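Make the full structure from the sequences, and use the hints.
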Amino acid sequence: APLTDTVPPQVVPGADSSSRQLCFAWGPAEVLVCETLFGRAGGSRPRCPSRSPCPARLWGEGGAGAAARALKDSVAGTEDGAPSSSRVFVVRRDQDIYIQTLRKLFNESHGIFMGLQRSEEELAGKSRKAQLVQVSKNYRSVIRACMEDMHQAAVSTRDPALQGQYSTQVSILSAMELIWNLCEILFVEAATAGPLLLRLLDWVRLHVCDVDSMVREVLSSESPSKHKLFWNVVDIFVLQGRMDEARHLLSKEASANPTSMNMYKILDDLMKKMPVPSLSNTQTLTELELKWQHWHEECQRYLQDGTFASNPHMESICKILLGDEDAILEKKELMTTWYHFLVTRLLYSHPTVKPMELRFYAQSSMDLFLGGESSPEPLDLILMAAFEFEMHQVIKECSIVLSNWWFVAHLTDLLDHCKLLQSHNLYFGSNMREFLLLEYASGLFSHHSLWQLGVDYFDHCPEYGRVYLELHIERIPLSTEQKALKVLRICEQRQMHEQVRSVCKIMAMKALRNNRLGSALSWSIRAKDAAFATLISDRFLKDYCERGCFSDLDLIDNLGPSMLLSDRLTFLGKYREFHRLYGEQRFPEAARLLLTLMTAHIAPCSFWMTLLTDALPLLEQKEVIFSAEQTYELMRCLEDLTAGNPDKQKFQDDDIETTKVEMLRLALARNLARVIVKEGTVEGS
Amino acid sequence: AMEDVSAKFVSQKISRTRWRPLPAAALQPPDIFATGSWDNEDNRISIWSAGDLGNAGLNGEYHGEPHLLCDIQHNGDVMDMQFLDQERIVVASSTGTVTIFRHHQNNQTLSANHRWDKAHYHVDQDTSCGGAACTGVVCNNPEIVTVGEDGRINLFRADQKDAVRTLDNADSSTLHAVTFLRTTEILTVNSIGQLKIWDLRHQRNEPSQIFSLAGDRVPLHCVDRHPNQQHIVATGGQDGMLSIWDIRQGTMPVSLLNAHEAEMWEVHFHPSDPDHLFTCSEDGSLWHWDTSTNVSEKPSFLHQGGRSTAYLSHSTINQSVVSAWLSNDPTKDRMEITNLIPNQTLSVNSLDVLGPCLVYGTDAEAIYVNRQLFA
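Line by line, the protein sequences give chains A and B.
Sequential numbering from 1 applies to the first sequence in my numbering.
Sequential numbering from 686 applies to the second sequence in my numbering.
Note that these hints are calculated values from the structure, not bench results.
Computed from a predicted structure; not experimentally measured.
We put the beta carbon where it would ideally sit given N, CA and C, even for glycine.
Careful: at least some of the hints might be erroneous.
Stated by the list, open to error - Listed below are several chain A residues computed to face chain B (Cβ distance under 8 angstroms; list not exhaustive):
(1) T101
(2) H110
(3) G111
(4) M114
(5) L517
(6) S522
(7) D552
(8) N558
(9) R580
As the list claims (entries may be wrong) - A few chain B residues that don't get close to chain A, going by computed Cβ distances all over 12 angstroms:
(10) I785
(11) C824
(12) N825
(13) L840
(14) I877
(15) L1058
Here it is as structure tokens:
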């Protein structure tokens, strides 16, 4: 478990863990930490409950995002409050998520990440490698763009505190890019002996920019060769292997010193002739080593016969060309970092260094450069781990030091696509790639706006992504229908039926609370939630009974096939259809429908009285509408209702109900009389 | 081609993009546009310049990215947005408030000019009365019509404090969008697949006509009317389907065109070249529908510069009027459809077209400007 074994348990900044016991509550995105009223007298309880994985242990001090924020001071007990007040801290897992400028990084890299997941694995060999290197470069260019924005922000702000913050971010981004670039060379591209050195030179040139201003100052001066920093700049060029630029500068100096012309010419010639590895395969390593050996001997000769003895600057350059460690180390200030020293040393003494030999030179270069004066910083250790090809160590150190999960999650994913991490499994969760992606995406989900990005990351975590998504998506506040629709779409696309139901139910409840029955019904239809549709249908029917008219006709008239979702909804739709037929004076059809609603038991029993009352005006029409058979059925319905009701008392107490029943019986009897006469007449004629 | 598109990541999810209308006699292409954000803790209305044409490269290519002129905080999600005139923008908020913002061009600032608080609201049983999201706004200076989740339709005048007219409970489901049909008539679409015409002169709170989708009542999210032939109306639905309606006849769409795989958020006829139509969707695509091409002169499948192009068969009911959108003439019975965003993954929430220019905004917090739509 490379991620968890050395970091000491993180104490939440501001929480008083020395005198109080802390308690924890775990959430999917945040941890609540609370000071309890208990002192630490016992002191035997571990601060971090033995729970694995234990994210708190992953959050190094100022490292991968332990952002604690005191929620509130809740006074517990005493009046003066302060000494005995307990505080609740919200500990979030990813602090950088909340930096506005970095949102560009999260959004743009999301696109690259998705492209990488889509990219074709079947591309073989070189073209696949080229593709992966391109992806890596795209990630880096996003980091650089973000760095520029941040730099711009730092320059343009007047608030010193903010400026400090921005500058810190610039240096963090810059370190991220430095590490990523090295990983790209060593792991993604896996440069071989020869090209490896060229790549490392590019890397140093790109990232050692402390001396750039000195170079600019000298080059832009009227007469560079007269400038007091002239030789410094020449040295910088030589140390970085920028031979053409160094020779160009030297030629200016030479023309100003005709007396030492010869010396200049020899040095220029040596610099010109220096054999360098080529990216093409036209020369073998052995050929290069031979040429290089030859050139090295030539340099050695000129140094020994004192050709440059009269000019200490040129002599030191010649020594550098010979890879003299002391001579190179003398220029420490011009290199600024041990890894620049390493690359310069390799350039002039081991140009055909093999990847696996890097670790020895790296270690000794760091020791020589730091010289015991200072101890290596986290960045040094990360780069060292990279030179040692300890990928897991790189990722582990980055997790601890960097204040975001973005870097490790994306880098690990890329390395995983390079098929470099497959053998490694963690004792918890699935593999490291997935673990880090889950952490990053959980951070995104804890953010007010960035949660949408998190969805795609979870999608690409085969083991636990789905579970995480299910847990997180339910916690997204559904502030508008539009947002609910977006959440719903995410759930529907992934067949997350539970969550679909939950979102629709929340929205239906909201609509119901707002007296928007129509909307409420739409939501429950979308979720195919029969129980809720029944509940809403009952509300409609209750409203109808109270007011004598339907609300939301536009909806009820347009239920279509969704009417079949629940029996009650079917009844609502059909009952409304009865009213429409009646309104359109299509009485026989209306009568037939009304009867069916009861005989087919579509209508709930509690509604039969209303239906029978609705039959009254039909019974009283001039024309006979109900047939004899239909009238008998109506009569049976009425008798079933009155007889079947165990609470007869209720009818007798209620005068209106009794009158209604009496009126219905009368009307039915009269209708029966009329229909017998009519049917008899028709048959007789 | 994609090279003509300039993009900018803006660190806020964009819900609306709108070109500022051009003055009547303008010859220049549009330059200024407004955006609104949603789902941020701090939402904003921003005014952008698409970029100075002076920066154009030697061969006329355009490389500049949009730059911010000014912005102002907005309370709640920006649900919809419409320019009232050259200086004023009407913004619909998820809080139910409708605000007119004024863009002061002399000193590049924005200010709230007028506000109708809780123009849309729920009559809640428990609490007093909560705002309901205002989902759509349309302007015909000085008139402003808004619709909302509360099923309410409001008619405002920019110069009047109170609503000129309010139709309470006009719709029992959520109204998603509104547009003018004629000066006194509006079109609305709702969450049960209905398209309704309302005559604002009539005092009744009922639509003068209802059209609806057959079968499943798929919610409609957006509506636009053909700029010249007012009887042709386009709507977009939750299933990504584009429906073309002839409101002179029938109650069902004339044609249904399958395009997007998720909610279609906006549909716009090109204002001056209505043979072209643009739609965007939750699925991250933006389609250009072109009925102007004479198909017989072109191969039936076309691939240009990475665009995926296909022709869709256009099923229509017999029409007498010659319009590319309603036509059932077999030689014209096809249209060219191009996805302008090949690899997008997050929703394209909004688009606007004016002249040769297209602007759109996404949930991936980026705005895009394409200045050579018809190149």
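Here is what the structure says about each hint:
With 8 angstroms as the threshold, the beta carbon of T101 (chain A) comes within range of chain B, its nearest partner Cβ sitting at about 7 angstroms, so the hint holds. Among the interface hints, the one on H110 (chain A) holds; its C-beta lies about 7 angstroms from the nearest C-beta in chain B, closer than the 8 angstroms criterion. With its C-beta approaching chain B no nearer than about 7 angstroms, G111 (chain A) sits inside the 8 angstroms limit, and its interface hint holds. The closest approach between the C-beta of M114 (chain A) and any C-beta of chain B is roughly 5 angstroms, which is under the 8 angstroms cut-off, so the hint is satisfied.
Below 8 angstroms, beta-carbon pairs count as interface contacts, and L517 (chain A) has one with chain B at about 7 angstroms; its hint therefore holds. At its closest, the beta carbon of S522 (chain A) sits 5 angstroms from a beta carbon of chain B; the interface hint therefore holds under the 8 angstroms criterion. Checking D552 (chain A) against chain B: minimum C-beta separation of about 3 angstroms stays under 8 angstroms; hint holds. At its closest, the beta carbon of N558 (chain A) sits 6 angstroms from a beta carbon of chain B; the interface hint therefore holds under the 8 angstroms criterion.
A cut of 8 angstroms between beta carbons decides the hint on R580 (chain A): the least distance to chain B is about 14 angstroms, and the hint is violated. Look at I785 (chain B): its CB is around 21 angstroms from the nearest CB on chain A, clear of 12 angstroms, so calling it non-interface holds up. Taking the minimum C-beta to C-beta distance to chain A, about 21 angstroms, the non-interface status of C824 (chain B) holds against the 12 angstroms cut. The claim that N825 (chain B) lies off the interface holds: its Cβ sits roughly 25 angstroms from the closest Cβ of chain A, which is beyond the 12 angstroms cut-off.
Chain A leaves L840 (chain B) outside its interface by the beta-carbon criterion, the shortest separation being 20 angstroms against a cut-off of 12 angstroms. Interface exclusion of I877 (chain B) from chain A breaks down, the closest Cβ pair being 6 angstroms apart, not more than 12 angstroms. The non-interface label for L1058 (chain B) is consistent with chain A: the shortest C-beta to C-beta separation is roughly 23 angstroms, beyond 12 angstroms.
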